[in-house]
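S.K.: The residues making up each chain are set out below.
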Amino acid sequence: MEHYNMNLTLKVWKQKNAETGGKFETYKVSNISSEMSFLEMFDVLNEQLIREGKEPIAFDHDCREGICGMCSMYINGRPHGPWHGTTTCQLHMRAFKDGDTIVVEPWRANAFPVVKDLIVDRSAFDRIIQAGGYISVNTGNAQDGNAIPIPKENADKAFAAAACIGCGACVAACKNSSALLFLSAKVSHLALLPQGEAERKERALNMIAQMDKEGFGSCTNTGACEAVCPKEIEITNIARLNREYLAAGWASDTKKH
Amino acid sequence: MLDSKIPAGKLEDKWTEYKGHCKLVNPANKRKLEVIVIGTGLAGASAAAALGEQGYQVKAFCFQDSPRRAHSIAAQGGINAAKNYQNDGDSVFRLFYDTIKGGDYRAREANVHRLAEVSVNIIDQCVAQGVPFAREYGGLLNNRSFGGVQVKRTFYAAGQTGQQLLIGAYQALERQVALGNVKMYNRHEMQDVVMIDGKARGIIARNLINGQLERFFGHAVILASGGYGNVFYLSTNAMGSNVTAAWRAHKKGAHFANPCFTQIHPTCIPVSGDHQSKLTLMSESLRNDGRIWVPKKQNDTRKANDIPEEERDYYLERRYPAFGNLVPRDVASRAAKERCDAGYGVGTTKQAVYLDFKYNLINKYGKAEANKHGIQNPDTETLVRLGKEVVKEEYGNLFDMYEKITGENPYEVPMRIYPAVHYTMGGLWVDYNLMTSVTGLFCLGEANFSDHGANRLGASALMQGLADGYFVIPYTLGNYLADEISVKPIPTTDRAFVETEAKVNERINRLMSIQGTQTVESFHKRLGKIMWDKCGMARNEQGLKEAIQEIRDLREDFWKNVRIPGGIHEMNPELDKASRVADFLELGELMCMDALERNESCGGHFREESQTPDGEALRHDDQYMYVSAWKLNGEHSWELEKEPLNYEVIKPTQRNYK
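Chains as they are written, first to last, in our numbering: chain B, 13 to 269; chain X, 1025 to 1682.
Looking at chain B on its own, in the form it has when it is part of the complex (with noise of 0.2 Å):
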């Protein structure tokens, strides 16, 4: 592949806290490599920022290599920019030409406010788990892994639920600001297993309880999640939370927290 430098102009939203409000900047950035991953290109930026005496951009970052979910950057009005199935760390500059102006702002999303920066606070993520997305079992007192055999088609299909990292880009990218795919995917892994079974109707209503209460709006099917979601959890799931949640409903015996 064909290396190539750029020069950039960045528009990047700046926000002193969540108190403040906050506006775009505008930067200038030259000699960007083509193999630069997206993330380096902003660390070469702050490294100028803060050589001339300037506030550096904050954003969040940490494994850069796709799989913890903390890199958040709404990139030219797609959540993790445009590369399909990528997370932002993983975006590389071949995605760019020279002479690009490229907009970056941080999810937009009354559930997840703005921290600094690029960063918000997306602890609503966690509160939904805690509402039910786990299954209640001590350390300690598991039987054998081998005890209970799970079709291999159902185990992958847990496993391809289970791959969500919690980035949040599905929020960013619905207009209605719903956690439904976050929250269908976790309900899916858990109900395709045997050992989630237990506890499966109660999680489906709690945690769609807790999501209400954190701020996320309704789904009304419009798909943007699944088109942006960096790890391509599929939309099939959301119509699997529903089939949970109808049932979960219907049964009156199921308890609500």
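Keep in mind that the hints were calculated from the coordinates and are not lab data.
Note that this is a predicted model, so its numbers are computed, not measured.
Don't take each hint at face value.
[To be verified] The calculated lysine-lysine pairs, modelled on DSS-like cross-linking and capped at a C-alpha distance of 25 Å, are: (1) B:164 - X:1176; (2) X:1207 - B:26; (3) X:1396 - B:169; (4) X:1207 - B:225; (5) B:169 - X:1412; (6) X:1549 - B:66; (7) B:164 - X:1388.
[Claimed, not checked] Quick list of the computed label-pair ranges, beta carbon to beta carbon: (8) B:224 - X:1431: 39 to 47 Å; (9) X:1348 - B:41: 41 to 49 Å; (10) B:96 - X:1512: 54 to 62 Å; (11) X:1174 - B:165: 28 to 36 Å.
Glycine included, every Cβ here is placed at the ideal spot set by N, Cα and C.
Following the hints, complete the assembly by docking chain X onto the known chain B.
M.R.: Just chain X, lined up with the frame of chain B:
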């Protein structure tokens, strides 16, 4: 004198005996005891969850925005367990033996045997939590092979095993948060340990959102803060991975053991330029199916696919016929370096070798699939197509990642790989209870030194993290806290808290007042280069001595010339980073001192002065059969204490993978 507190008795009975006789805390008393856990990776999250389940009042801390982000999440290939589901001769003893041998006989027998024993419980626990491990068509758990081993004992979930295990532990942790047994503190970084009457009784943490220092009491403090590979700047660690919690504990009296034992992982995506911020691992599991080679001709400029079979040197298969591509990591890394140094490297930088899947894609998977589908005499194209499907299922996420980073399709052309810093076997010294040399301060997972000797085998880090958190600390912590039940929670207005916080505050103010001209990043890069060049894959006396001086100079320069923008009482990632780099600048010196002191080669520590005629690591058991535990005596002044290693069951020999 360090006491490892290894229980008496036969090796295989020690842990059972310990569990049968250790002190217990009754449920009513557990509710009165507070425990601090630093870090929420596999070790920290599993410990916090398991202790919360038991009824302790746990406070858990992570610097990320959620406990689910901890870097265990990036572990790819798998987790070992002595289940012997494959009927291929595995056993607790064999896992124990492989781990000791893989560690080049520099680990404690008792700890490693316990690890092998509880490995089977880990798999059961994770399955019960709903961890979606790979399964066979019959619905039972599948296994793959890893380096340094001749059985299939590695459980996995595609190339995302760490993610799935961490999500399991995270969910267990969040369940305890919901039940009120664990209080979670995200975006908090531990700054110091608070000592009262000679015992660890709390921490000072910095709230990374508003920069405020906060005080927390605990009857005991558990560090599970991960490894220190980022001292090299470029590593497979996450950007935020740091040594700070362990280092501050070291400054409070916790011995640091075997700091020079670093694992350089053989299969990582090579460095592409100066802009590089981190290196990406390509799982060791790929060596199950990928064959490593370089051209037989030096400086060969042909493309990989244009080099005919007979002109390729499968140097691992040539040098180590018994283990082939699955030799341990230290051996594979050195072999790659040897070939590149000799002029056989590939790619633009010539600092890379090929990892090629074509052979197994066609001959192993393609043919098996064709058989399954009853296709007679399939052509190559069909075999490639069928094989690709299987390879995709096994390693799809890794292949995708490789393509995004390099722009090359590894299904078509061989991957280019080179060794990179990956894991640190060294860490805080702990006894059999996982307690450091500071009373009441425990250390789990990669942050401690205990189980992997001088080289960790693949898929054993996840095993150790979860063993420590789910199955060891719940017993050993109880054994300690049983004597603490009458201690009332100490108010954080206590003088020890106030004074420790004042010191932390002073250090932060000092950092912020420098206002020099150079960025934190530039210092970190320079430190990394010194470490990689002189304390990396090969080390020698002269280089190490130079490195020590260079690090001292760099540290001085840092404290005079670093520039940290922004303020203290606000979110300030540059300040967070500066504080971590300042600790790396001290640790780096100790690593070089340790490497200098250990004038032998063992595992990942390769002293050029000590090698066999064919270039393998040469140990000197008569002189170095000990754990090097370094005690800090004052500003940059250390004293070495040696914990002798007594092998009662295994007889150390020269490792042989031929």
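S.K.: Determine for every hint whether it applies to the structure shown.
M.R.: Quick rundown of the hints versus the structure:
{"no.": "1", "hint": "B:164 - X:1176", "verdict": "19 Å, holds"}
{"no.": "2", "hint": "X:1207 - B:26", "verdict": "32 Å, violated"}
{"no.": "3", "hint": "X:1396 - B:169", "verdict": "23 Å, holds"}
{"no.": "4", "hint": "X:1207 - B:225", "verdict": "21 Å, holds"}
{"no.": "5", "hint": "B:169 - X:1412", "verdict": "20 Å, holds"}
{"no.": "6", "hint": "X:1549 - B:66", "verdict": "21 Å, holds"}
{"no.": "7", "hint": "B:164 - X:1388", "verdict": "21 Å, holds"}
{"no.": "8", "hint": "B:224 - X:1431: 39 to 47 Å", "verdict": "44 Å, holds"}
{"no.": "9", "hint": "X:1348 - B:41: 41 to 49 Å", "verdict": "46 Å, holds"}
{"no.": "10", "hint": "B:96 - X:1512: 54 to 62 Å", "verdict": "58 Å, holds"}
{"no.": "11", "hint": "X:1174 - B:165: 28 to 36 Å", "verdict": "32 Å, holds"}
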